[in-house]
Amino acid sequence: MRDAIIGPRAASVSANEPTNLPGVLHAAWLIARKDLAIEFRTRTAFFSSIVFALLGLTIFYFAWDPTAVAAIDIAPGVLWVIFTFSGLLGLQRSFGVEQADGAMDALLAAPVDREAIYLGKALANVLFVAGVQAIALPALALFYSVPLGGVWLPLAGIALLAAVGIVAVGTLFSAMAVNTRLAELLLPMLSLPFFLPIVTAAAQTTARLVAGRPAAEAWPWLRILLGFDLVFVVACAVAFPYTLDE
Amino acid sequence: MTDRTARARTDWWLVAAALAVVAAYARVIWFTPAEATQGLVQKIYYLHLPAALNAYIAFAVVAVTSVVYLWLKDPRADRLAESSAEVGLLFTTVVLTTGPIWGKPVWGTWWTWDARLTLTLFLWFIYAGYLVLRGAVTEPGMRARYSAVLGILGALLIPFIHMSVYLFRTLHPMPIVLKPDRPSLPPEMLQTLMLSFAAFFFTYVVLTRARFGLAVERAKLAMREGSSDGER
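First to last, the protein sequences are chains A and B. Under our numbering, the first residue of the first sequence is numbered 1461, with each subsequent residue one higher. Under our numbering, the first residue of the second sequence is numbered 286, with each subsequent residue one higher.
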């Protein structure tokens, strides 16, 4: 089993070879699997992110006057603020786990492209954020009586697009923030301005979906979300090697 | 002894820049007609718009020098980015301060979530974060690489913030100077605006130059302290 994992990597991904896409993706998958295995065995970050998201949903409910504003009107905004902040909790750990025992140096010494490290980390983070969303979304429907029945599939698509954007930027900043003196403080400070277009677009699209508006109304927002994902996944993957020691 | 003379030295460029801004404002106050409907309060325009344009220039310089740094690894590009970001943040603060002072009498509100106000506020957030990041990394090479990455990503972010805030409604007047056809500002107002812009641009260059000098001195100091650490 172990040979089956190491074998193809040694064969297909080598530092001397020019970057070949399947090799990069395979290496990225191995790194993502490693991060997910750590997370699955400890379950600390995932569990605390879910509790954080549920707590956030609850606290928001009591933070405004329910006789003045209907719960369903505020639900999309609450959802996206909570997703963003619980996502940050997971991102914080992404490179934090590599700090112990010089694990980051070992990762850099491994015969994989640096872009693969970024993509692997990002992939694990997307799955992490999507996992939190998969639990927070039904909780929102329950607490705020949002009828998700007919729209859950497009909503899941938007959640995934937003998760990709949040993670693309957040993974890069997480790699930078762990090496600074202000680690926990710096990640939200750098990331949140980047999350503005994502949160706005996702919340606006969600609001229109839930209100049963025609899809054409949500399209301009969806376009921003798609453009953001495309630009920042590429830009951050290109920029990532520059954040590592030469 | 040389240190003392260096400290006492006056930066005459800074004095000249201050005089240029005073001269431009003298023209604004005494030699430019008041706007017909807004009255005297509109004169803040000659401070507000030049500051905004120079902030954009400053952040464009940050983006370009960041690319240059990652490409050539020249520490001068990093120092220029640092200096320009700091001066740009100063100008953005001027914009965000003069805006509400103007907005209250004209719009009837200090702040509104108008597209351009939000964009300017986020410019302030991005480059405030940039400077905090610089302060949080001690190793010069790492600091330069990290901040160059953020300087480039920040520039890529601006169009996205622009698009998303414009999909919300906007209250801010549309550009009346920088637009494809002729500027619709009366000639004497346009001349004053140009003069004010020139004074502000000069101030930007001089402040960035002074800040660049400080960055060079700091690098020298760090190198001297580093080498004396090594001897110990």
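If you are wondering where the hints come from, they were derived from the structure by calculation, not from laboratory data. Please note: incorrect hints may appear among the correct ones.
Said to hold, decoys possible - Quick look at which bits of chain B chain A covers, simulated, 3 or more residues with Cβ under 8 Å: (1) 310-324; (2) 383-389; (3) 442-451; (4) 498-504.
Unchecked claim - Computed Cβ-Cβ distance ranges for the label pairs, DEER-style: (5) A1616/A with L299/B: 55 to 61 Å; (6) V1529/A with H447/B: 44 to 50 Å; (7) G1562/A with G511/B: 42 to 48 Å; (8) D1561/A with R509/B: 55 to 61 Å; (9) G498/B with L1690/A: 37 to 43 Å; (10) T394/B with F1545/A: 41 to 47 Å; (11) A303/B with L1568/A: 31 to 37 Å; (12) T322/B with S1605/A: 45 to 51 Å; (13) L1686/A with E473/B: 37 to 43 Å; (14) T394/B with L1568/A: 25 to 31 Å; (15) T394/B with D1533/A: 41 to 47 Å; (16) T394/B with R1503/A: 45 to 51 Å.
Cβ atoms here follow ideal geometry from the backbone N, Cα and C, with glycine treated the same way.
Item to check | Violated hints - listed by number, lowest first | outcome: 1, 2, 4, 6, 7, 8, 10, 11, 13, 14, 15
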